[in-house]
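Please model the entire structure based on the sequences and the hints provided.
Taking the working numbering, the leading residue of the sequence shown gets 427, the next gets one more, and so forth.
Each computed BS3-like pair below joins lysine-lysine, with the alpha-carbon atoms no more than 30 Å apart: (1) K507 - K481; (2) K437 - K510; (3) K515 - K492; (4) K467 - K437; (5) K492 - K526; (6) K492 - K481; (7) K507 - K492; (8) K515 - K467; (9) K467 - K492; (10) K437 - K515; (11) K510 - K492; (12) K526 - K507; (13) K467 - K510; (14) K492 - K437; (15) K467 - K481; (16) K481 - K437; (17) K507 - K467; (18) K437 - K507; (19) K510 - K481; (20) K481 - K515; (21) K526 - K515.
Keep in mind the hints are simulated off the structure, nothing from the lab. As the structure is a computational prediction, the values presented were derived from the model and not from experiment.
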Amino acid sequence: MANHYVEMFAKAVNTDFVDIIAHPFCTHDAILGNMPVILAKILDDDLIELLEIAKTNRIAMELTPKVFNPLNDGCLIRFYKLCKQVGVKISLGSDSHTVKGIGRLSLVLDRAARIGLDPSDFLLPHALSHP
Numbered sequence: 427m428a429n430h431y432v433e434m435f436a437k438a439v440n441t442d443f444v445d446i447i448a449h450p451f452c453t454h455d456a457i458l459g460n461m462p463v464i465l466a467k468i469l470d471d472d473l474i475e476l477l478e479i480a481k482t483n484r485i486a487m488e489l490t491p492k493v494f495n496p497l498n499d500g501c502l503i504r505f506y507k508l509c510k511q512v513g514v515k516i517s518l519g520s521d522s523h524t525v526k527g528i529g530r531l532s533l534v535l536d537r538a539a540r541i542g543l544d545p546s547d548f549l550l551p552h553a554l555s556h557p
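So this is what it looks like as C-alpha cells:
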C-alpha cells in the first residue's frame with residue numbers, strides 16, 4: 427500500500443495543471459488502510475525526492491484540519507516538516523465539509539506552529555500563476 431501512495435503522490439507532483447495537493451497522505455482508514463503504518467513504510471529520501479519535484483513544479487501542500495487526528499498526527503507532522511526542509515510551500519485550508527468548519531483555522535495554525543512553519547513557508551495567491 428505504501429508503494430501505491432508513493433505512485434499516486436508522484437503522479438500528482440508531476441501533473442502540469444496542479445497548484446496545490448489537497449490533504450496529502452490523508453484518507454479514510456477504512457478505504458486504504460492505517461495511514462501511520464503506511465506512511466512509516468515510506469522513506470524520508472523517497473518523500474524528499476518527490477517533494478523536490480513538487481518544489482520545482484511550484485506545487486504546494488494543503489494543511490487542513492482534516493489531516494490531523496489522534497491516529498495520524500505524528501506521521502503527518504513528519505511529512506510537513508519534510509515539506510519545510512525542502513522548501514515546498516504550504517497552503518492553509520479550513521474544513522469545507524461543514525459550514526461550521528469553513529474559515530476556522532485555529533487547529534491548522536496550532537499545527538503550523540508545531541511544525542515550525544513561518545510566514546515565508548506559506549503559498550501566497552500571487553504565486554499561483556504558472557509561467
